[in-house]
Amino acid sequence: MLKFSKKGFDRRNFWADYQVWVIFSALIICYSIISPEFFTSTNINNILTQNAMLVVVSLAQLLAVVTGGIDLSVAAILALSGVMVAKFVTAGVPVGLATLGAIGIGALAGCINGFLVSKLKFAPFIATLATLVMVKGMTFIQSGGHVIYVTNETFAFLGRGNLLGIPVIVWVMILVTVLVWFVMGRTIVGRRLYAVGGNPEAARLAGINVQRYLFFAYVCSGALCGLAGAFMAFRLGAGSPTIGQEWELDSIAAVVVGGASLMGGIGTPINAMFGAFIIGFIRNILNLMGVAAYPQMIVKGLIIILSVVSQGLGSGLIGFKIKKPGGEKEITSKERQE
Amino acid sequence: MSYLYMKGINKSFPGVRALKAVDFKAEKGEVHAIAGENGAGKSTLIKILSGAYQPDEGQIYLDEKEIKISTPHSGRIQGISVIYQELSLVPYLTIAENIFLGNMPSKLGAVRRNEMNKRAKKALEDIGFDLNPSSLVKDLSIVQQQAVEIAKVLVEDAKIVVMDEPTALLPAREVETLFRVINTLRDRGVTVLYISHRLNEIFEMADQVTVLKDGSKVGTVRPADITQDELVQMMIGRKPADRIYWSPERVEKLKDAPVVLEVEGLMGEENLKGVSLALRQGEILGVAGLVGSGKSELVQCIFGVQQATGGKIKIRGEGLKHPSPGTLIRNKLGFLPADRKHLGLVLGMTIKRNATLTALPKLSKCGVVNQKKEDGVVSELIEKLRIKCYSLNQQVETLSGGNQQKVVMAKWLLPECEVLMFDEPTRGIDVGARSEIYELMVDYVNQGGAIINVSSDTQELLAVSDRIIVMGQGKMTGIFSRQEATEDKIVRAMF
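Just so you know, the protein sequences line up as chains A and B, in that order. For the first sequence, counting from 1, position 110 maps to 110 in this note's numbering; every step adds exactly one. For the second sequence, counting from 1, position 290 maps to 290 in this note's numbering; every step adds exactly one.
Just chain A, same shape as in the assembly (with noise of 0.2 Å):
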């Protein structure tokens, strides 16, 4: 008789899924002895709002690196999309399609890195690089270098607005967070981009095309960071060609804290989304203890690197000996030999 359960867990990957939590829940206890007000409704809504589109940009991070590559360009396409939606609004177009257009010349931007990436085979780095100088420079000629100030009443609505007592643009978080969560966790699709970014060769053994979900990944990617730019420049009542600096590499810090895997394959929403929140809590948390803005970038790097050696710790995959390995590796590395 076979024995196996429908549900159990890997115990050998329990870390790598599950520190981001701990870590997550550390940083709100050493938030609360720091600052008592902090469970206060004012500050968690502060703290979200905050944070809330530098989890879209993580989640659009997260499409990428799933299928094993990295899309360097997500911050500069935030801008440009930022910039462009404060455009269009002071020419006189509605907010609403201003956002659709948002979207559209992300989805655009991301258009050039999958082209790059899945015809002609570009790193994903490289194309990805150059799509950020790219959009950098079409950002500072559309804006001429200035910030974009807009008055109009949508406009301060979506961005500083509440709907049920929640900010709007958290709203928009969440939704953002539920829909990739079901398209990666729940369809053939996220299957497929898993195993486009696990084993891009077994993946077109199994028939899948792969080319096709390599540039759906990225103009995902960039059609999020629009829609991110655009609630940038509702929150801040003007389009600035020079929003989301560093986020980046504070996205790509987010997955990587929130368990990815920069080699494809691995990676949950949900896990991006707290790391995304361990990324911004330290930047808080930081401030309010007085640290300056250069030591904060040390402490963040720090952490990066402790939760890197945590998973690896974790699953065996870095070069430290636990005295006591866990079980199930163990009987595994028996198991693979033959």
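Treat the hints with care, as some may be off.
As the list claims (entries may be wrong) - Cross-link-like lysine-lysine pairs, in silico, BS3-like; alpha carbons within 30 Å at most:
{"hint": "1", "chain 1": "B", "residue 1": "341", "chain 2": "A", "residue 2": "119"}
{"hint": "2", "chain 1": "B", "residue 1": "341", "chain 2": "B", "residue 2": "255"}
{"hint": "3", "chain 1": "B", "residue 1": "138", "chain 2": "A", "residue 2": "121"}
{"hint": "4", "chain 1": "A", "residue 1": "119", "chain 2": "B", "residue 2": "255"}
{"hint": "5", "chain 1": "A", "residue 1": "119", "chain 2": "A", "residue 2": "136"}
These are computed hints drawn from the structure, not numbers from a lab. All of these numbers come straight from a predicted model, not from anything done at the bench.
With chain A's structure known, arrange chain B on it following the hints.
For chain B alone, kept in the frame of chain A given last:
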């Protein structure tokens, strides 16, 4: 005392006793094979010897002295080197640089290239290889790369060399070359510990063979004193099952069965020069041939892994225009590649997700996967194929070779493929699991499937095939019905 003596080695992992008081002795200058099924403890024993694991109890003596091996590095220094199946050479360095990697002869920090090259050339000549020490390792054949590894351990003055399945990736004609090198090592007084699943190699090369089973030593014998069957019995502890799965009745039934797959004059880019065949429902068609004969290219071109340059493929009488994996799968054809780990599976994904990768549309509604249904069909298959696992969410990376192959099979059974093409279905799979795979193949054709089975193992082809094609230099050089096929005829048609 023996030259190498591992005394009373015990090793436990949580939940498993991997080695139970194993005494292992090897003499100086002998080839000592270690045999056993997967999970018998061969790897654990080797890893303890190399320093990758520490034993819970037991001592290791080398040349009458007790030694402590805390890391693989300290093992190497004390003269114990392991050559793994996946070679650990740096492709873009030269032969000489690889041989001396880690201790290059130098003067004031600058590498003395001439001396290094001279010494590398000498080391290679000692084992019978004439290679230019300044050529890059990436340009070498596998056996040449193995020679470089061996030269490397010789330069490091190894006393014990462990070879883990050295012939697994080697083309048949290069096996002899490797054996010559092993003989040279033996003549120089080096002790070679040889791990292999191929029993005939053990009989050809080994002076002694130690058999492990379930973590215990069964015994050490001289291959000359026993037969292959006896050795298999020592390994699996029971009589090998009747190895013939083929029956004349089945062949009789095939005469009226419809043709499911027809190939006419198939040409490939390199090694396929016009091959035609027809496969009937319920048939297992074996394809024999040496490496480079075009036998793997044949199935790869049919499945569209490689682009065919000419010829026709018909499935149930209908011609295929552009064969690609996608169109072939839609026509209910599946392919189980020889390189399971890199082509057949997404190692980091779970059993469930690998198994359903080809059948997702069937398990979904509007693109959303019905997870209950998925769990159900995968559980059923796990039971049907007897896949040993603790959960259907277990990563396939952690399964043994035989169970991985079963997951690949599950992947093609789910979309109800009517033709399966196996490339080396039992490579790297131990004896017990092999017969299970054969049984599954026979079950599959009995239920109306058809199989093309490409294999380097003639015994395997004779055991399961209804008909056997022999390939040579991209062409069909022989075709035998099962009644007339013998190992002798097949091998002669290969050359």
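So, going through the hints one by one against the coordinates:
1. Distance restraint check for residue 341 of chain B and residue 119 of chain A: the Cα-Cα separation of roughly 26 Å lies within the 30 Å cut-off, and the hinted pair is therefore satisfied.
2. Of the pairs offered as hints, the one joining residue 341 of chain B and residue 255 of chain B is violated, with about 37 Å between alpha carbons and a cut-off of 30 Å exceeded.
3. Note on residue 138 of chain B and residue 121 of chain A: the hinted pairing holds, with a Cα-Cα distance of about 23 Å set against a maximum of 30 Å.
4. Between the alpha carbons of residue 119 of chain A and residue 255 of chain B the distance comes to roughly 48 Å, so the proposed pair goes past 30 Å and is violated.
5. Restraint check for residue 119 of chain A and residue 136 of chain A: satisfied, since their Cα atoms lie roughly 23 Å apart, inside the 30 Å limit.
Taken one by one, the earlier hints fail for this structure at numbers 2, 4, listed in ascending order.
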